[in-house]
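Line by line, the protein sequences are chains W and A. Residue numbers for the first sequence follow this note's numbering, beginning at 1 and rising by one. Residue numbers for the second sequence follow this note's numbering, beginning at 1 and rising by one.
Hints in this document: simulated from the structure, not taken from any laboratory. Where is the CB? At the ideal position from N, CA and C, for every residue including glycine. Incorrect hints may appear among the rest.
Here are some chain A residues pointing at chain W (derived, C-beta under 8 Å) [to be verified]: (1) V11; (2) P14; (3) S39; (4) L41; (5) R338; (6) F456; (7) R497; (8) A501; (9) L502; (10) G503; (11) T505; (12) A512; (13) A521.
Derived Cβ-Cβ restraints for the label pairs, each shown as a range [to be verified]: (14) A128/W with R587/A: 52 to 62 Å; (15) A81/W with N431/A: 37 to 47 Å; (16) I24/A with A201/W: 39 to 49 Å; (17) S341/A with D215/W: 38 to 48 Å; (18) P127/W with P507/A: 15 to 25 Å; (19) G580/A with A21/W: 46 to 56 Å; (20) A21/W with V433/A: 24 to 34 Å; (21) L4/A with A201/W: 13 to 23 Å; (22) D152/W with L576/A: 45 to 55 Å; (23) D215/W with G580/A: 51 to 61 Å; (24) R117/W with L441/A: 22 to 32 Å; (25) L345/A with G122/W: 56 to 66 Å; (26) A202/A with D215/W: 26 to 36 Å; (27) D152/W with I572/A: 37 to 47 Å.
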Amino acid sequence: MTDRDTPVVSITDLGKTYSGAADPALTGVSLSVARGEIVVLLGLSGSGKSTLLRHVDGLERPTTGSVVALGADIATLRGRALRELRGRIGFIFQQFELVGPLTVLENVLTGSLADLRGPRVGLWSYPAALRRTALGHLDRVGLLERAYQRADTLSGGQQQRVAIARALMQDPEILLADEPVASLDPESSSQVMALIREIAAERGLTVVCSLHQVDLALGWGDRIIGLRAGRIVLDTTTDGLSREQVMEIYGRVATSTTELAAITTELADVREALLSEQLRDELRRDADEGVW
Amino acid sequence: MTDLAERIAAVRRPRPRPSAVASIATLLTLLALGIASFSGLGFSWGAMIESFDNLPQFFDRVVPLAWPGWTWERATNSVVWVGWAPVGEFWASVLMTLGIVIVGTLLAALISIPVAYGAARNTSPNPTVMAICRGIGVISRAIPAVAFASIFVFLFSLGPLPGILAFALHSIGMISKMMADAIEQIDEGPRLAIRSTGGSKAQEFWSGVVPQAFPAWVAVTLHRADINLRETVILGYVGVAGLGYDLANALHALNYHRAIPIAITIIVLCLLFEIVSSVARARLLGVRPTGLGIGDAVVRAAAARSSRIASAIEKPGGGDDRTAAIERAMRRPWDSDRITSTISLVLTVVVIAGAFVASQADWLDLVTFWGNLPILLGKEHLWPPTFGIYTPDQVWSAIVVTFQVAFAATFMTIVLTVFIAPFAARNVAPNGVVRGVFRGLLLLIRGIPELILAIFFVIVSGLGAQAGTLALAIGGVGLLGKLVADSLEEVPNGPERAIVALGGTRPQVFFASTVPMSVPAFVAHVLYLLEQNVRAATLLGIVGGGGIGLYLYDSLRVSRYDQAAAFILLIIALVLVIEGVAVLIRRALK
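Next up, chain W with everything else stripped away, as it sits in the complex (with noise of 0.2 Å):
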């Protein structure tokens, strides 16, 4: 069929350049996937893998190249028409970046606002049918217990799967994933990566998501992208890959000085972290023992 040929996402030689910043995001950018693939972008942080989820997504411009999603060029949709394609395409967030202070039900209703017209405040100003499926949604992901309680009253993992519920309120036909598990502990990471994936076979969605641990991205996706300061450095279906294979292509070896630097604020903020926290234990030990 031709809806199977033709690709959902297709990305020419896109470049992007944040105002104000030195060196370009992205650089010559161009590839496609094709209806019910399952895509992971590999890569460090900072090498450009936000940036070009976002750019499918219509939340940032090229500067130079260009983005078609769904059939429409997201550079020449303005307005509606661009809230329209957002509609049409789930985005799940590093952060979940849930509503804290509202429900987990309200929360995943917001998912379906594209589809309504003007601002909605509280539960029931969302149409009883959207409600139902709401829950239906809540279920899917195994919170419907959960769905009168605050969001921000749920583990992280937990609200991941209700920001995956709001995504499955559009209905979306691409699902984006921006690093979903990197804030999350191991055994919740997989159960949120597996959810994805069952998900996505279900409803037979492309799923574009970023990842920067190879192992996690060997055992899941279809075929691997790697980016590295801004380029495509790999793109390869996983059949039959092995984890030393990317390695060797992708390399965790620095080999740009973007990258070093990279590496060394990685270290550098995990070392800080570990510092901080124990002067703060030892200043808690003084407090109990009055030295203070």
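For this one, chain W is given, so just place chain A on it according to the hints.
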């Protein structure tokens, strides 16, 4: 599917959190009290609109303005030049006002240092001292500066000294509290380091605590000086010399041609002072000032364009010959840092010395006033307090009016703010121009001292609660609008982005994410506004705005200090009551 329906029906609905109930209850109660107060005050929109018909009359009574050196002639309704002498007096008055504010605030800051040391959790020697020091702060905050001033006016007679002492005593409350907060927020590391080298407690404080807290201390003091300058107006009414006194005299003589230029001068003075103090604070703290005033906003805007602030990073000096380098380093080079700090030090000393001179305070009074003390405490002067000629009914209805003014004003401010503040928030306003216009409007309102606003409304719509309510309501929009717009902007913007990403419109984003995330901040700000309004409402009567302040003022005018004492105690009680209620509500909101 029936299975799902059954399970949906069985989903537990958790009880709403107590804090959520408390915030809704607080808002609803405030709205109800606000509406009740409107009818209680006999507020009629008709009368309000009518009062704006008075505007042309108002201009007739004000124009032509009689600036210092000019005097208004009734016969010809024009101003005539009378010579330079009044101009000189006027400038002396301006300087005296500034002197009173600076000296008074400085004294408060000096007294506040030991109080803050005792009140801060991490430096206080023991719980008793901490309780005493915090108590000093609470009491000092509760007694309005005008109450202190009226007692001192009796002790020292009219002049600048009562004003200085009133500011000194009343400002301790706020300054010591914020100084203590600054001490509690320091990094404990340097203190620990000094202790580890064998330093004493005092050394720990002077070398470990003070250097860290000092910039914040100075910033607080400067900020309080801004507030005090705005309060000089009301101190003038009870006889503290300076611009406020001149203004009160002109108003009593119903000479608006002379009064309005003085009011304009006070507004301009407040703005200039705030800009200077904001620049100083920005330099001290190395960050953009976060205050609410117009000066802070100006400095923030300027700092947004230049990267000078907060970029003073030390550069290592290059030297090859070590001994020579060391010798060179024995003298601190006159680099730009040293030059600026020396200049600011000299300027500070000059300003403070100038302030002492300009205030023209007769410090000898401090020695001689003891003679007046027995008279003050003697029968029928200050003690025993009595409501005198006022019946309990009158007093009670004055209290009711005071609260009605505060509640009605808060209500009006909330209504206005709900429509104004979102347009002043970056993440809600449709574009930068709209935001700029609304921010500017809020800034303009904040620039005018509330009491000047009250005086304006008294002139336009006559004495009474209506003028006071309008003044507080309009002034409140400047404060609440700014606070609410800021808290809308401070909402975590991740959820907002998520809703944009799924195709939401701007209004949808606002109601689905921005509003629910900022409700707690909104309730807290409203509560703060209410507190401020009650404080202000107790004093509005002094300028003719209705409420309990009128009786205090009348008692002072006829020298019935025993009555004045009763009303001062009553005002303190009212302030403490509203503070206590606010503390309880805040606890429930947590």
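Item checked: Numbers of the earlier hints that this structure fails to satisfy, in rising order -> Of the numbered hints given earlier, those the structure breaks are 3, 4, 5, 6, 13, 14, 15, 17, 22, 26, listed in rising order.
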